[in-house]
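Number of protein chains: 2
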Amino acid sequence: MAEVILDRVTTASGTPNIAFIKYWGKRDYTGLNMPNNSSISMTLDETLSTKTSVVFSDKLKRDELYINGNEEAIVGDKIPEKSVYLKRILDQMRGLAKVKQNALIVSENNFPSSAGIASSASGAATLIVALSKALDLNKSPKDMSILARQISGSACRSLFGGIVKWNKGTEEDGSDSYSEQVFDDTYWPELIDIIAIVDPSKKKVSSSIGHAATVKTSVLYKARPAFAENGVKEIEKAIREKDLDLLSKTIMKDSNNMHATMLDTWPPIIYLTDASRDIIYGIHELNETEGECVAAYTFDAGPNAHIITLEKHREKVMDMLSDMVGVRRTIESHLGKGPRILKGNVSLINEKTLAPKITSTLS
Amino acid sequence: MAEVILDRVTTASGTPNIAFIKYWGKRDYTGLNMPNNSSISMTLDETLSTKTSVVFSDKLKRDELYINGNEEAIVGDKIPEKSVYLKRILDQMRGLAKVKQNALIVSENNFPSSAGIASSASGAATLIVALSKALDLNKSPKDMSILARQISGSACRSLFGGIVKWNKGTEEDGSDSYSEQVFDDTYWPELIDIIAIVDPSKKKVSSSIGHAATVKTSVLYKARPAFAENGVKEIEKAIREKDLDLLSKTIMKDSNNMHATMLDTWPPIIYLTDASRDIIYGIHELNETEGECVAAYTFDAGPNAHIITLEKHREKVMDMLSDMVGVRRTIESHLGKGPRILKGNVSLINEKTLAPKITSTLS
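Heads up: the sequence lines are chains A and B, in that order.
Numbering of the first sequence is given in the numbering used here, commencing with residue 371 and proceeding in unit increments.
Numbering of the second sequence is given in the numbering used here, commencing with residue 371 and proceeding in unit increments.
It should be emphasised that the hints constitute simulated quantities derived from the structure, not laboratory data.
The reader is advised that the hints may include incorrect statements.
A pair counts as met if it fits within one copy or between any two copies, since identical chains are not told apart.
Straight-line distance between alpha carbons at most 25 Å, and here's what the computed DSS-like set of lysine-lysine pairs gives [unchecked claim]:
no. : residue 1 : residue 2
1   : 686       : 572
2   : 586       : 619
3   : 722       : 686
4   : 586       : 468
5   : 586       : 429
6   : 682       : 509
7   : 722       : 448
8   : 619       : 592
9   : 396       : 603
10  : 603       : 512
11  : 619       : 574
12  : 603       : 592
13  : 396       : 592
14  : 707       : 722
15  : 512       : 448
Construct all of the structure, not just a fragment, from the sequences and the given hints.
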């Protein structure tokens with residue numbers, strides 16, 4: 371543990387990613403998050419970002435985790451399900467570094483959780499980067515992606531900037547289920563994700579429960595893995611050739627396909643709302659008017675639309691959205707550079723008191 | 371044509387049916403409406419019904435068709451798509467009866483079309499019954515179901531009362547794709563369909579276009595025919611044993627399965643709205659509270675829910691619906707007796723003038 375500097379705070383930042391071909395359905399139930407199909411995504415820029423500070427110290431009586439100003443249990447009997455894997459990975463990395471000290475982890479997103487943007491991917495990816503640096507583990511991004519995957523599957527795609535592919539892998543230990551960059555963030559600078567935040571749905575279904583239920587109960591799901599695997603190849607081709615029409619079609623078909631398997635799940639899982647549907651039909655109308663696909667919608671486990679398009683089509687998309695009841699606001703992102711270690715006076719932890727700094731809590 | 375009495379009006383009535391296992395996807399595109407899977411339905415009672423009067427006469431200069439007070443073209447160049455097959459069947463039946471006279475057909479539903487209840491099934495079934503009688507063709511219900519099928523697929527199930535199965539058949543001419551009664555209307559008198567009429571969706575997709583698009587473009591659809599075929603057997607078993615739990619589960623899974631293949635269609639077809647989804651989740655919550663399935667939702671090509679349950683559970687369902695925004699009204703139906711010839715002063719046609727009687731037009 372020579373290089374681990376105790377009582378010194380390390381801070382990293384990272385961003386979410388939006389999948390063009392989705393991850394839905396695992397081939398394991400052991401917490402390794404090994405998927406039934408490869409997936410491919412766009413890492414977003416720092417318009418939406420997570421910042422995470424970590425410190426290891428003898429002065430800490432127990433591991434402590436603060437997310438957006440709230441303490442979350444990661445020791446004892448009350449660890450929430452979502453933090454069980456985080457704790458496991460923390461212990462594993464600490465073991466590798468031969469560190470015995472407790473950790474203080476403080477993480478904040480620059481976007482309100484009420485915006486309905488999933489922060490688990492950027493949160494887990496940023497944490498792994500911060501821990502690797504703090505523990506001087508000298509991990510490659512590929513190895514870090516394997517660790518992030520075990521906290522939150524799609525987080526492994528946020529270890530890189532640009533366009534990122536998560537290879538599903540076939541090994542039982544998940545060692546070949548990692549992410550890699552396919553195109554860097556400068557390859558297609560005109561590419562944008564316009565996130566349309568819509569009125570929230572009343573009923574929320576946990577995506578981790580949904581995954582398992584779909585694989586177990588949907589008779590239609592059996593056709594999805596091969597379809598998605600082929601979709602990844604189509605997306606790679608479309609981006610390589612900067613073919614927006616092919617890219618858009620492939621993205622939309624995959625989103626519809628995934629949400630169809632959710633509806634065919636028992637009991638059914640429905641994330642799309644009337645506002646989502648209005649956007650779906652709106653994009654199809656726009657594309658029909660244009661004579662080719664100039665924009666694509668895609669939905670994760672929620673009703674907000676991610677509209678993938680190019681800068682030159684932004685105004686048409688915004689005009690369409692401005693007419694829609696139920697669309698609350700939009701957020702725009704280009705391809706991001708991926709996670710990084712932050713230098714300077716940016717820490718979320720007071721080094722003297724080893725306590726979280728009080729920052730404005732977003733709500 | 372000995373028994374065909376010209377200038378004498380024949381009047382029949384018939385009712386819609388609600389499918390427990392749905393018809394979605396044809397194996398032909400020749401207008402024979404031969405399905406990819408068998409289906410099974412409940413014929414509704416006369417709470418919702420169609421009345422149709424027909425007359426053949428030398429005094430008629432052309433075939434005339436009136437539906438709900440409006441004339442619809444069935445001759446000339448302007449025949450709407452939905453009437454093309456109606457005209458073909460009319461000509462076919464007239465040929466069989468060796469009748470050359472023109473026909474006047476007047477049909478009315480006792481439910482407003484704005485209620486969003488599909489009237490094509492009861493309309494086509496009732497027409498076939500009226501024509502068979504007027505032309506003295508002495509057709510069996512099975513043969514009439516084959517004729518009705520060619521006007522509107524699911525209409526063939528409205529040729530019988532009670533629980534009706536439409537055998538998909540395998541012959542190229544559709545001669546073994548007919549309906550038959552599986553249980554009569556007295557078998558399970560407690561069974562009810564509570565139709566929850568909800569706010570209409572803005573976008574309407576024609577179901578006949580949707581059928582073909584799903585078969586052609588949905589990769590998930592391939593698993594549906596075998597799933598539905600097995601569902602028909604499950605429904606027969608559930609009704610035979612009066613097993614409401616099994617019946618409900620099978621009905622809901624089939625509805626979700628069909629709508630999932632619609633969502634996976636390119637471009638996607640979405641009939642379910644926020645109100646539909648609230649009812650879906652509401653029924654699942656009710657069933658969870660009850661510890662078994664006591665009610666099922668099912669949706670045709672529209673957002674209105676048909677809630678299948680027993681009389682003893684009516685109040686629980688109505689309580690649930692009364693809390694819901696977006697539910698406009700409910701209509702309740704038991705198992706119906708199927709179509710019949712009406713006697714007495716019930717005709718929709720003035721026999722002296724051979725003109726439609728003026729009745730109050732529902733809107």
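Here's how the hints hold up against the structure:
In this assembly of identical chains, the alpha carbons of residue 686 and residue 572 lie at most 25 Å apart only when taken from different copies (21 Å versus 30 Å within one copy). Only between protomers do residue 586 and residue 619 lie at most 25 Å apart by alpha-carbon distance; the minimum there is 16 Å, versus 28 Å within a single protomer. Taking the shortest Cα distances, residue 722 and residue 686 never come within 25 Å of each other, neither inside one copy (52 Å) nor across copies (61 Å). In this homomeric assembly, residue 586 and residue 468 never come within 25 Å of each other (Cα to Cα): the closest approach is 40 Å inside a single copy and 59 Å across copies.
Taking the shortest alpha-carbon separations for residue 586 and residue 429, neither the intra-copy value of 47 Å nor the inter-copy value of 65 Å comes in at or below 25 Å. In this assembly of identical chains, the alpha carbons of residue 682 and residue 509 never lie at most 25 Å apart, being 39 Å within a copy and 64 Å across copies at closest. In this homomeric assembly, residue 722 and residue 448 never come within 25 Å of each other (Cα to Cα): the closest approach is 29 Å inside a single copy and 85 Å across copies. Both within a single protomer and between protomers do residue 619 and residue 592 lie at most 25 Å apart by alpha-carbon distance, with minima of 22 Å and 21 Å respectively.
Taking CA atoms no more than 25 Å apart as the test, residue 396 paired with residue 603 passes inside one copy only; the shortest distance there is 20 Å, against 31 Å between copies. Taking the shortest Cα distances, residue 603 and residue 512 sit within 25 Å of each other inside one copy (20 Å), while across copies they are farther apart (51 Å). In this assembly of identical chains, residue 619 and residue 574 lie within 25 Å of each other by CA distance solely across copies; the values are 22 Å between and 28 Å within a copy. Proximity of residue 603 and residue 592 under a CA criterion of 25 Å is satisfied in both settings, with 19 Å inside one chain copy and 22 Å between copies.
Taking the shortest alpha-carbon separations for residue 396 and residue 592, both the intra-copy value of 12 Å and the inter-copy value of 22 Å come in at or below 25 Å. Within a single copy, residue 707 and residue 722 get their C-alpha atoms no closer than 32 Å, and across copies no closer than 84 Å, so neither meets the 25 Å cut-off. In the homo-oligomer, the alpha carbons of residue 512 and residue 448 never lie at most 25 Å apart, since the shortest distance is 32 Å inside one protomer and 65 Å across protomers.
The structure is inconsistent with the numbered hints 3, 4, 5, 6, 7, 14, 15, although it conforms to all the rest.
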